[in-house]
Amino acid sequence: MDVTHIANLARIELTDDEISRFDAQLSQVLEYAEKLKELDVSGIEPTAHAYPIFDVVREDIAHDENFSAAEALSNAPAQAQNQFKVPKVMD
Amino acid sequence: MPTITELRASYQSGDLSPSDAIRTLADTIESTDREIQAYISYDTDAALAEAAKADLSLPLGGVPVAIKDVINVKGQPCTCGSKFLDGKYTAPYDAGVIKKLRAAGAIPYGRANMDEFAMGSSTENSAIQTTRNPWDTSRIPGGSSGGSAAVIAANEAIAALGSDTGGSIRQPAALCGCVGLKPTYGRVSRYGLVAFASSLDQIGPMTQTVEDAALLLQAISGHDAHDSTCVKEAVPDFNSFVGQDIKGIKIGLPKEYFAEGLDPEVKSTVEAAITQLESLGAEPVEISLPHTEYAIATYYIIATAEASTNLARFDAVRYGHRSENAANLIDQYRRSREEGFGEEVKRRIILGTYVLSSGYYDAYYLQAQKVRTLIRKDFTEAFEKVDLIASPVTPTPAFKIGEKSDDPMAMYLADIYTISANLAGICGISVPCGFTRTDDGKQLPVGLQLLGKPFAEGDLIKAGHAYEKSTDWQKTAS
Chain U
1 MDVTHIANLA
11 RIELTDDEIS
21 RFDAQLSQVL
31 EYAEKLKELD
41 VSGIEPTAHA
51 YPIFDVVRED
61 IAHDENFSAA
71 EALSNAPAQA
81 QNQFKVPKVM
91 D
Chain Z
1 MPTITELRAS
11 YQSGDLSPSD
21 AIRTLADTIE
31 STDREIQAYI
41 SYDTDAALAE
51 AAKADLSLPL
61 GGVPVAIKDV
71 INVKGQPCTC
81 GSKFLDGKYT
91 APYDAGVIKK
101 LRAAGAIPYG
111 RANMDEFAMG
121 SSTENSAIQT
131 TRNPWDTSRI
141 PGGSSGGSAA
151 VIAANEAIAA
161 LGSDTGGSIR
171 QPAALCGCVG
181 LKPTYGRVSR
191 YGLVAFASSL
201 DQIGPMTQTV
211 EDAALLLQAI
221 SGHDAHDSTC
231 VKEAVPDFNS
241 FVGQDIKGIK
251 IGLPKEYFAE
261 GLDPEVKSTV
271 EAAITQLESL
281 GAEPVEISLP
291 HTEYAIATYY
301 IIATAEASTN
311 LARFDAVRYG
321 HRSENAANLI
331 DQYRRSREEG
341 FGEEVKRRII
351 LGTYVLSSGY
361 YDAYYLQAQK
371 VRTLIRKDFT
381 EAFEKVDLIA
391 SPVTPTPAFK
401 IGEKSDDPMA
411 MYLADIYTIS
421 ANLAGICGIS
431 VPCGFTRTDD
441 GKQLPVGLQL
451 LGKPFAEGDL
461 IKAGHAYEKS
471 TDWQKTAS
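Order-wise, the sequence lines are chains U and Z. Taking this note's numbering, the leading residue of the first sequence gets 1, the next gets one more, and so forth. Taking this note's numbering, the leading residue of the second sequence gets 1, the next gets one more, and so forth.
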């Protein structure tokens, strides 16, 4: 497994030590998972949920629990002008 | 501590008030939790304020319930056992189960420790503190709901809520000697439960008795418009199953669950429990769940895949830890997540990202989803022959703190008897069924697992209660 590449996809800045440790540990897990390939699953439908689940739709109107902008921002590490603040994305 | 039923009786007779109960708990927590380390936080003043206006006519009126620190309670912290959220997040809303608990009159009191984001089987992955098993403080309480189980065993709670993705209610309940019930997938709302693996997670009760589990399950079950996976299935009167006869019910014994790897003392304890069920009129039937050997691999692919997407929400934008050393937005994601997440969480995100990544999706994730179909089918076929399935919960009693910390694979393999129920979406309960003895003479609890058909939690309560009533294993550590 190319742990550095995967860590980049997962947006985690792993240390070199973590990269080598995870490489060894996860190789062991993946080797164990190889056993799934023993099974003939042709014609078997994949299961995403244990029970059939359907989209639930409703009218696009606010319900009674109005969640204010102030409440939504209450845990924000940084905010400005009633919005979440992040580092500059474009120059 | 009194059970929910006993506490309610004391309230009715006027012997005790909800404020008395909260104060007694607070005193016990003060004296006990320094050693057990099962609570991440607790707000006695808030609980006393609620106790003062408790409506005792409600089914759980004035009953304090400890909450696993992964379920949002408005105005309280919710750390998920993670540095990412510790001291940096206060829940701005009540989870679906908390709204239902409040409607039933209960008081959420105390935030129970857990493996970080519910990833683990020992609570050692908590970034906040290490919880000790009250029966032997050199050992783990199980996990991931280890705090919820330990507070009951240590008399620091009347009852608790946990969450179960691969055994996280049943396994710590077994290792701490309390009752833990994982409802059928869809029975209980997941709204406000910080998601680990959305197709597997389910909140459930952890209690001193089966009757209490029925009461708590009653309160939290039922549809919630905020969770589209929470079904509209009718909720029966679970308490009506308490005291019912189990004569003639067929109990399946999966031969794969009594095979190699099972500790001989745990095996003989569980077998004695099955003999006891037989003496109560149950009919044991040997069955096979042929895909059992594939369950762990299937689980660790599906659960980590779902976790890797669910934990993408921890982006340091809306809540939680934000690195102070970031040069730009991408760098901020990368550094905040590196600094905020613990080792097991990072390991699982990496594995989950890998099995979903281009070129590996079919070989791992899709294959696992297909094997999941076969595992479900094993149970569907078994339940055509039997009403319930009985087995051990864990292959061994509680192990020593640190014993498996550096060997994730060894830790994963111990989940063998519990994870299939999550993959199949069925319900299960762990009921105390005896003890093993350590070399230094300490007693360690053993659990009996009963698995039921979808939405047949009533059968678990019926058989679990019949068994419990006929034995004397129900006790706490101190």
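Where hints are given, some of them may not hold.
[Said to hold, decoys possible] Calculated cross-link-like contacts (lysine-lysine; reagent style DSBU-like; alpha-carbon spacing at most 30 Å):
1. Z:LYS232 <-> Z:LYS400
2. Z:LYS255 <-> U:LYS35
3. Z:LYS99 <-> Z:LYS255
4. Z:LYS469 <-> Z:LYS442
5. Z:LYS475 <-> Z:LYS377
6. U:LYS85 <-> Z:LYS74
7. Z:LYS385 <-> Z:LYS442
8. Z:LYS404 <-> Z:LYS255
9. U:LYS35 <-> Z:LYS453
10. Z:LYS83 <-> U:LYS85
11. U:LYS88 <-> Z:LYS469
12. U:LYS37 <-> Z:LYS74
13. Z:LYS385 <-> Z:LYS404
14. Z:LYS232 <-> U:LYS37
15. Z:LYS267 <-> Z:LYS83
16. Z:LYS442 <-> U:LYS35
17. Z:LYS232 <-> Z:LYS267
18. U:LYS35 <-> Z:LYS267
19. Z:LYS385 <-> U:LYS35
20. U:LYS35 <-> Z:LYS370
21. Z:LYS100 <-> Z:LYS88
22. Z:LYS404 <-> U:LYS37
23. U:LYS85 <-> Z:LYS88
24. U:LYS37 <-> Z:LYS469
25. Z:LYS83 <-> U:LYS88
[Stated by the list, open to error] Here are a few chain U residues that sit away from chain Z, every Cβ distance over 10 Å (derived from the structure):
26. ILE44
27. ASP60
28. ALA80
29. ASN82
Since the hints were derived computationally from the structure, they do not count as laboratory data. Note that CB positions come from ideal geometry on N, CA and C, so glycine has one too.
Checked hints:
| no. | hint | in the structure |
| --- | --- | --- |
| 1 | Z:LYS232 <-> Z:LYS400 | 43 Å, violated |
| 2 | Z:LYS255 <-> U:LYS35 | 20 Å, holds |
| 3 | Z:LYS99 <-> Z:LYS255 | 42 Å, violated |
| 4 | Z:LYS469 <-> Z:LYS442 | 25 Å, holds |
| 5 | Z:LYS475 <-> Z:LYS377 | 37 Å, violated |
| 6 | U:LYS85 <-> Z:LYS74 | 24 Å, holds |
| 7 | Z:LYS385 <-> Z:LYS442 | 40 Å, violated |
| 8 | Z:LYS404 <-> Z:LYS255 | 27 Å, holds |
| 9 | U:LYS35 <-> Z:LYS453 | 28 Å, holds |
| 10 | Z:LYS83 <-> U:LYS85 | 21 Å, holds |
| 11 | U:LYS88 <-> Z:LYS469 | 64 Å, violated |
| 12 | U:LYS37 <-> Z:LYS74 | 46 Å, violated |
| 13 | Z:LYS385 <-> Z:LYS404 | 38 Å, violated |
| 14 | Z:LYS232 <-> U:LYS37 | 37 Å, violated |
| 15 | Z:LYS267 <-> Z:LYS83 | 39 Å, violated |
| 16 | Z:LYS442 <-> U:LYS35 | 39 Å, violated |
| 17 | Z:LYS232 <-> Z:LYS267 | 39 Å, violated |
| 18 | U:LYS35 <-> Z:LYS267 | 27 Å, holds |
| 19 | Z:LYS385 <-> U:LYS35 | 29 Å, holds |
| 20 | U:LYS35 <-> Z:LYS370 | 13 Å, holds |
| 21 | Z:LYS100 <-> Z:LYS88 | 26 Å, holds |
| 22 | Z:LYS404 <-> U:LYS37 | 28 Å, holds |
| 23 | U:LYS85 <-> Z:LYS88 | 16 Å, holds |
| 24 | U:LYS37 <-> Z:LYS469 | 46 Å, violated |
| 25 | Z:LYS83 <-> U:LYS88 | 26 Å, holds |
| 26 | ILE44 | 5 Å, violated |
| 27 | ASP60 | 14 Å, holds |
| 28 | ALA80 | 13 Å, holds |
| 29 | ASN82 | 14 Å, holds |
Hints 1, 3, 5, 7, 11, 12, 13, 14, 15, 16, 17, 24 and 26 from the earlier list are contradicted by this structure; the remaining hints agree with it.
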